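Asks: Those sequence lines, one after another, are chains V and E.
If you want this note's numbering, it's the 1-based position in the first sequence plus 448.
If you want this note's numbering, it's the 1-based position in the second sequence plus 448.
Calculated directly from the structure, the hints in this document are not laboratory data.
Predicted model only: the values in this text are computed from it and were never measured.
Heads up, some of the hints might be wrong.
Same chains, same names: a pair is fine if it fits in one copy or spans any two.
Keeping only pairs whose Cα atoms sit at most 20 angstroms apart, straight-line, the calculated EDC-like set for lysine to aspartate or glutamate is [said to hold, decoys possible]: (1) Lys713 with Glu630; (2) Lys763 with Asp626; (3) Lys719 with Asp626; (4) Lys456 with Glu506; (5) Lys785 with Asp795.
2 protein chains.
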Amino acid sequence: MKDTFKIKFFPHNKEIAVKEGETLIRAAMEAGVHINASCGGEGVCGKCRVIIESGDVEGGITEKLSQKDREAGYRQACLSLVKSDLIVRIPVESSIDASVLNMQSTPRCTARIKEMNLEDLKDKGLFLPPVEKKYLELPLPTAQDNLPDVSRLVGYLKLEHGEHRLVVDLSVIQKIPDILREADFKITATLARPVHPGRKTHIINIQPGDTTHRNYAIAMDIGTTTIYGQLIDLITGDVLAQFGDFNAQISYGEDVISRIMFAEKPGGLEKLQEVVIGVINKLIQKMVKKARIDLDEISTITLAGNTTMTQLLLKVNPRNIRRSPYVPTSSIYPPLKAVHLGMALGDHVTALVYPQVSSYVGGDIVAGVMGSGMYLTEELTLYMDIGTNAEIVIGNKDWLACAACSAGPAFEGGGITFGMRATKGAIEDFSMDLLTLEPMNITIGNVRPKGICGSGLIIMVATLFELGVIDNLGKFDRNLQTPRIRQIDGIWEYVVAWAAETQIDRDVVLSEPDIDNLIRAKGAIFSGCMTLLEEVGLTVKDLDRIILAGGFGSYVDLEKAMTIGLLPEMDPARVTFIGNGSLMGAKMSALTNRIRRDVVEVTKKMTNFELSETHSYMDNYVAALFLPHTDMNQFPKIKARLEARRSGRKTGGRDL
Amino acid sequence: MKDTFKIKFFPHNKEIAVKEGETLIRAAMEAGVHINASCGGEGVCGKCRVIIESGDVEGGITEKLSQKDREAGYRQACLSLVKSDLIVRIPVESSIDASVLNMQSTPRCTARIKEMNLEDLKDKGLFLPPVEKKYLELPLPTAQDNLPDVSRLVGYLKLEHGEHRLVVDLSVIQKIPDILREADFKITATLARPVHPGRKTHIINIQPGDTTHRNYAIAMDIGTTTIYGQLIDLITGDVLAQFGDFNAQISYGEDVISRIMFAEKPGGLEKLQEVVIGVINKLIQKMVKKARIDLDEISTITLAGNTTMTQLLLKVNPRNIRRSPYVPTSSIYPPLKAVHLGMALGDHVTALVYPQVSSYVGGDIVAGVMGSGMYLTEELTLYMDIGTNAEIVIGNKDWLACAACSAGPAFEGGGITFGMRATKGAIEDFSMDLLTLEPMNITIGNVRPKGICGSGLIIMVATLFELGVIDNLGKFDRNLQTPRIRQIDGIWEYVVAWAAETQIDRDVVLSEPDIDNLIRAKGAIFSGCMTLLEEVGLTVKDLDRIILAGGFGSYVDLEKAMTIGLLPEMDPARVTFIGNGSLMGAKMSALTNRIRRDVVEVTKKMTNFELSETHSYMDNYVAALFLPHTDMNQFPKIKARLEARRSGRKTGGRDL
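Could you put the whole structure together from the sequences, leaning on the hints where they help?
Replies: Next comes the structure, spelled out in structure tokens:
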């Protein structure tokens, strides 16, 4: 367990607590303290000089610092690792007053919901174990008592454990004679509980000896790009291993549409199913190895994916998903034998696949609704999963409305000149010096930048907008005097990092068309929310909270996302991130039958709106193509802040 | 449809009705009229001369008949086919009086129960269709109504057919998008009904257009020796095709014990499963071809077999069946997907396998109990299925007791010098001239004899016993003057056919050890019945009826079987044959869920008695090692007949 240390930044007089080993530049960003830094944290640009006034850091000394600098306590913030409480001074070379300091970016605002665990489930009365184990010492058969093996097992489960309505699977029947006799009739039976009470319990496995303390499940999120798996201990509820890997279907098409097109070719569907199963099996193996368990000890697997991924997984041709009127094949899928899908699991394992609402609101979203528990509360919740498509769900325990917005790939880096996925070298955090317009770039992996990922993009655009560098249409202020803002081939752009500071030997820039693409993407999502709310007769003010899901959602800065008008304005404390909602839902349904039971009703309750068929959507969309919106009254706090800042900025020296 | 003709035999003055084309010798046998005939009906011995006094026969003229004979109306009975009403005179060359004629064998007494059909089931309230089809014309999806395909199907099944609680199988989900669109959304859904009302109905298939009138099932009896299949029209209840074939497992062992031993070898179980599935698939193909239906139109398959055959079919190692304390693996098997067993049927087809009672009272017997309906009546019934093992069930709708008797293979020809299965060339019927002791042999296929099958053996021993040729211990009367009774190497025997009259160029004989084996076999079965009755506190007198099943049971002469003490004495009118009880039960469970529902309770109700563990069995066995029994008071009618016959025989000329 790492220690936590307090760091105080001067002259800003801002304090933040960070874990041991964090870089100083990330700590500064977190605290809302700007430090010029172009190279993403690799020590190349040499700009991020800070003075350690008290406490210890590790590293941070480079040839860019003279001996004198070093002795004076200068360090490069991007290479300095926190080792104690610190007092850090930012050498503010320009003459700026306190009001400017106060106008530095607000501290990055992210939060995580505490995931539900087994104790929570029990406390809330939601715990109905889907799979249980019972240990039995059976009497040996004799000439006077030569019942069939299975009848003996069933009889004693009734006698000693009060079990009724038992069905014995063929795989157990095939195993039982040998296992009983090898184990001297001392065995553990695995019971799969019915989802609906009163239905039958299936005896799905039998193991020699007492294995009641070893009972595991796997949960999987089958994403278009990435597949994540968790190995869950069903006794404790703990996640024993978690791995992710690219969905190998990517070789046959980057997005769902190109996957569907491939699936329509002869043999295409079979190929795509085969490769996704291959990844699943690889992840299962890694998890089993990591957690040091036997494959035979896994009792159940639950999977969630979008509608196309789900149909491909189950070899159901997805051709109609991409054709008007966008009809998916099924909402609910029956429980399936994992081996019949090709999964390298015991033949006793049932695979439970999350149901779909529509062609573009799939099992990943349903899983998020289940896993987040939003379907159980009174609170009116907006659930958003933002990726290439943004899916939104609004509702509570009484009703649920949902829609998919074609946000385009901007949040995943698509359509952005230097856009990229949130992988190593992507600028994920950014701030800007108010006067010099110099950037502070932080990249994933603390390496020189290659591009900008979605969360970085939002922060960048929000920052440019708040500082007046771009206007509410996303156009640069033509009058600003900095080499970083320039016009090339008629296109205005901001140079985020100079070629020499990058990994790609080209200037990394953010252009007006990039900003425009982002505005269209956020406009599509925001107008989707507005339209859904209107359809149910509500407004943003009625929302009690927002849940953000998706890899992207986990990193987005809430204030910034509201600043650009991606999220409705709301107290950030009422916005929670659940990370991978699909995986969370898969995990929850592995843990309790309550989720398995509720999911069918919840899915039926989720009323799908096809935005393209919804009258008001286009008007809402056009109104949302501004930063943050045409109607600034929808964003009163931002409106106020902008007004305050602009007047403050005036006093700060520069005219806007 | 063949015509039926009346045939009158003189001087016996016996009349019988037979179908057009029947041979005269079989008609005579049926009427209880003895005609000397050694060669089994192939015209070789030339002994079966009869005179056609009126009417027409086809054939019957051979070189053994002179021109004068022919003109006088002489024909060989074995080659004469009935073509009209006939008056036939048997030229009785020996001087026998009317009393002797009356002592000719009683007419062969066999009967067949009328199989239950769909109308019966409906009349008796037993009809619950397991599989039904529903035709639907679905509205085409639109942008405003783009429900998932499956939701559309389920919704309209509810709306138009009042169907609720539907589960859709994955195979249907995989098919539905293409079939709906190919068929312009006009489709037929196949619904598999729950066995227990209130459970879920599965949508197992979807076909383009209206196929509601085409709905078929397959029923199979998996015998150790033979596998029989029926293709059943589920709309009419008619059997559209029926085929049988040897169980190819025979190559790996003739009987269940040697099969089990083979299954215990590495790969043995898999091999045996593979070959039995091979035969099943061959039969399915033949039936489908014969009935001119599509494989896809078969909706369900039901199978019944003994415990070993069932375990081999389901790849469940049968090793404990042959080891004390003879524990089978399971009583009940869950419904299985036919394709998962390797059957060449649609992936929508569920295979239902009959449950087992014990290691030696298997699904074939349970099927017989179900198919015969004995579990539904008040009447106290003795159900017997006689093969290598004889299985017996006694009971009615309130209780059922059962046991397996190790009868040995005598009834299938095993342990009998010239014993053989009931195939071509086996003597299946026999009578004997009271004075000359000349035989009348009738063989299967009307060819020269090769041996004696079980039913022939019973008739032969009963006849020898009734005519005083053997005593109640099965020993030949040493004083009879005929070359047919002789002692060879110290063993007494009766020559049934001389070498020249046979296919095998050896005298076909019946020896005292043969008779002894038969007595042991029938003793094992009869004492099994006695023991079961005693265990439940009843006697033979309490029995209301007997049901005989098995290929053997179909041909056995009831009076003769009682004469040797195989069956308890009873009015033959209260004995019925149901032929292949296993197949009949399989068929019934294909036709109605009522059988599927009842079978679990019935199987639980069937109390198994291990005879070897039952105190009184050995005493009963020893008492049964006589013809018909030590205690002749158990066979009062036979006792009376023997006494009458023996006194009659004295007047007939020869002293006993």
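Asks: Next step is simple, just say for each hint if it's right about the structure.
Replies: Against the structure, the hints come out as follows:
no. : hint               : result
1   : Lys713 with Glu630 : between (50 angstroms within a copy, 18 angstroms between copies)
2   : Lys763 with Asp626 : between (35 angstroms within a copy, 13 angstroms between copies)
3   : Lys719 with Asp626 : between (38 angstroms within a copy, 19 angstroms between copies)
4   : Lys456 with Glu506 : within (17 angstroms within a copy, 121 angstroms between copies)
5   : Lys785 with Asp795 : both (7 angstroms within a copy, 14 angstroms between copies)
The structure agrees with every numbered hint stated previously.
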